[in-house]
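Visitor: Sequence:
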Amino acid sequence: DSVTLSCRAYGFTFRNYAIFFYRQAPGGSLEWSMQGRATISRDNSRSEAYLSLPSLQAQDSARYFCAITRGQETQLSFNTNQVWPGTAPTIFGDGEFQSDVPKKSIPHVIVMKSKKLEEGGSPGKAACLARNIHTKSISLEMPSEELVYEQSTSIWTSEGYNAIKVVTVARDTEVTCTAKFDNSTMTKTQSGTVWWHSSDAEGQRVNMLSMAVLGLRVLLAKSIAFNTLMSIKLFLF
Numbered sequence: 412d413s414v415t416l417s418c419r420a421y422g423f424t425f426r427n428y429a430i431f432f433y434r435q436a437p438g439g440s441l442e443w444s445m446q447g448r449a450t451i452s453r454d455n456s457r458s459e460a461y462l463s464l465p466s467l468q469a470q471d472s473a474r475y476f477c478a479i480t481r482g483q484e485t486q487l488s489f490n491t492n493q494v495w496p497g498t499a500p501t502i503f504g505d506g507e508f509q510s511d512v513p514k515k516s517i518p519h520v521i522v523m524k525s526k527k528l529e530e531g532g533s534p535g536k537a538a539c540l541a542r543n544i545h546t547k548s549i550s551l552e553m554p555s556e557e558l559v560y561e562q563s564t565s566i567w568t569s570e571g572y573n574a575i576k577v578v579t580v581a582r583d584t585e586v587t588c589t590a591k592f593d594n595s596t597m598t599k600t601q602s603g604t605v606w607w608h609s610s611d612a613e614g615q616r617v618n619m620l621s622m623a624v625l626g627l628r629v630l631l632a633k634s635i636a637f638n639t640l641m642s643i644k645l646f647l648f
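Taken in order, the sequence shown gives residues 412 to 648; the numbers are from the working numbering.
Think of the hints as simulated: they come from the structure by calculation, not from any bench.
Careful, some of the hints might be misleading.
What the hints assert, rightly or not - Now the in silico label distances, taken between C-beta atoms and shown as ranges:
(1) Thr546 to Thr424: 17 to 27 Å
(2) Ser472 to Ile517: 20 to 30 Å
(3) Ser466 to Glu556: 30 to 40 Å
(4) Thr579 to Ser466: 51 to 61 Å
What the hints assert, rightly or not - With a straight-line Cα cutoff of 25 Å, these simulated SDA-like cross-link-like pairs (lysine to any residue) come out:
(5) Lys591 to Tyr560
(6) Lys547 to Ser456
(7) Lys591 to Leu441
(8) Lys547 to Ala581
(9) Lys547 to Tyr428
(10) Lys547 to Pro437
(11) Lys547 to Ser417
(12) Lys547 to Thr584
(13) Lys547 to Ile566
(14) Lys591 to Phe476
(15) Lys599 to Thr584
(16) Lys599 to Ala581
(17) Lys547 to Tyr421
(18) Lys599 to Pro554
(19) Lys599 to Ser472
(20) Lys599 to Thr579
Note that the structure is predicted; figures quoted are calculated from it, not measured.
All C-beta atoms, glycine included, are put in the ideal place defined by N, C-alpha and C.
Please model the entire structure based on the sequences and the hints provided.
Guide: Okay, structure coming up:
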């Protein structure tokens, strides 16, 4: 039995990049797919690359990643194909190239408290936004007794993946958010300063735009109910 995996790219000029395939066996590390038997081909008119594996063997069982390189920079796709040889080859995943994350994007975490909370309302809400993360798997941790909203799937943008979490907090509470991804941890704390009162007007606009875009993406991609969108808008106005 043999199998051909496909990798479809979008968002950049395909012909300007070299295409590679990596593989990761169960419990193993990333390694090049080219081991003598595999063959890589491409169709620039369709923005697709292909990895052909003839005569499947047990050692071909792995998760396969497509990647691009231009100059000294290599970017790894997080959407993968999997091959588990048995009596017949089985392929999981659609092979779309979804996440060529630029290394120049810098991950960061933003913590925001509702205006109502700062003006004396109790309880209030606080939100955590993780931006420009290089992986789809993002965990946001915020100490709270009540979860208002949390994305089930992180949202892809041109700068990386974004994730949001909204919780209920008491007045005068120091809000801390910890983002965990790729064995890394980033923590941001918000105490008494409301983010939209910041003297950094440019930073304020960037954060507001990020929240607005993320809210719209969540609504369009996942058909989130109206009350969820209104919860997000609480931090915009």
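Visitor: Confirm or reject each hint.
Guide: To see whether the hints hold, each was checked on the structure:
{"no.": "1", "hint": "Thr546 to Thr424: 17 to 27 Å", "result": "holds, 25 Å"}
{"no.": "2", "hint": "Ser472 to Ile517: 20 to 30 Å", "result": "violated, 36 Å"}
{"no.": "3", "hint": "Ser466 to Glu556: 30 to 40 Å", "result": "violated, 58 Å"}
{"no.": "4", "hint": "Thr579 to Ser466: 51 to 61 Å", "result": "holds, 58 Å"}
{"no.": "5", "hint": "Lys591 to Tyr560", "result": "holds, 18 Å"}
{"no.": "6", "hint": "Lys547 to Ser456", "result": "violated, 28 Å"}
{"no.": "7", "hint": "Lys591 to Leu441", "result": "holds, 21 Å"}
{"no.": "8", "hint": "Lys547 to Ala581", "result": "violated, 31 Å"}
{"no.": "9", "hint": "Lys547 to Tyr428", "result": "holds, 23 Å"}
{"no.": "10", "hint": "Lys547 to Pro437", "result": "holds, 20 Å"}
{"no.": "11", "hint": "Lys547 to Ser417", "result": "holds, 20 Å"}
{"no.": "12", "hint": "Lys547 to Thr584", "result": "violated, 30 Å"}
{"no.": "13", "hint": "Lys547 to Ile566", "result": "holds, 8 Å"}
{"no.": "14", "hint": "Lys591 to Phe476", "result": "holds, 22 Å"}
{"no.": "15", "hint": "Lys599 to Thr584", "result": "holds, 14 Å"}
{"no.": "16", "hint": "Lys599 to Ala581", "result": "holds, 18 Å"}
{"no.": "17", "hint": "Lys547 to Tyr421", "result": "holds, 18 Å"}
{"no.": "18", "hint": "Lys599 to Pro554", "result": "holds, 12 Å"}
{"no.": "19", "hint": "Lys599 to Ser472", "result": "violated, 40 Å"}
{"no.": "20", "hint": "Lys599 to Thr579", "result": "holds, 17 Å"}
Going through the hint list in order, the structure does not satisfy hints 2, 3, 6, 8, 12 and 19.
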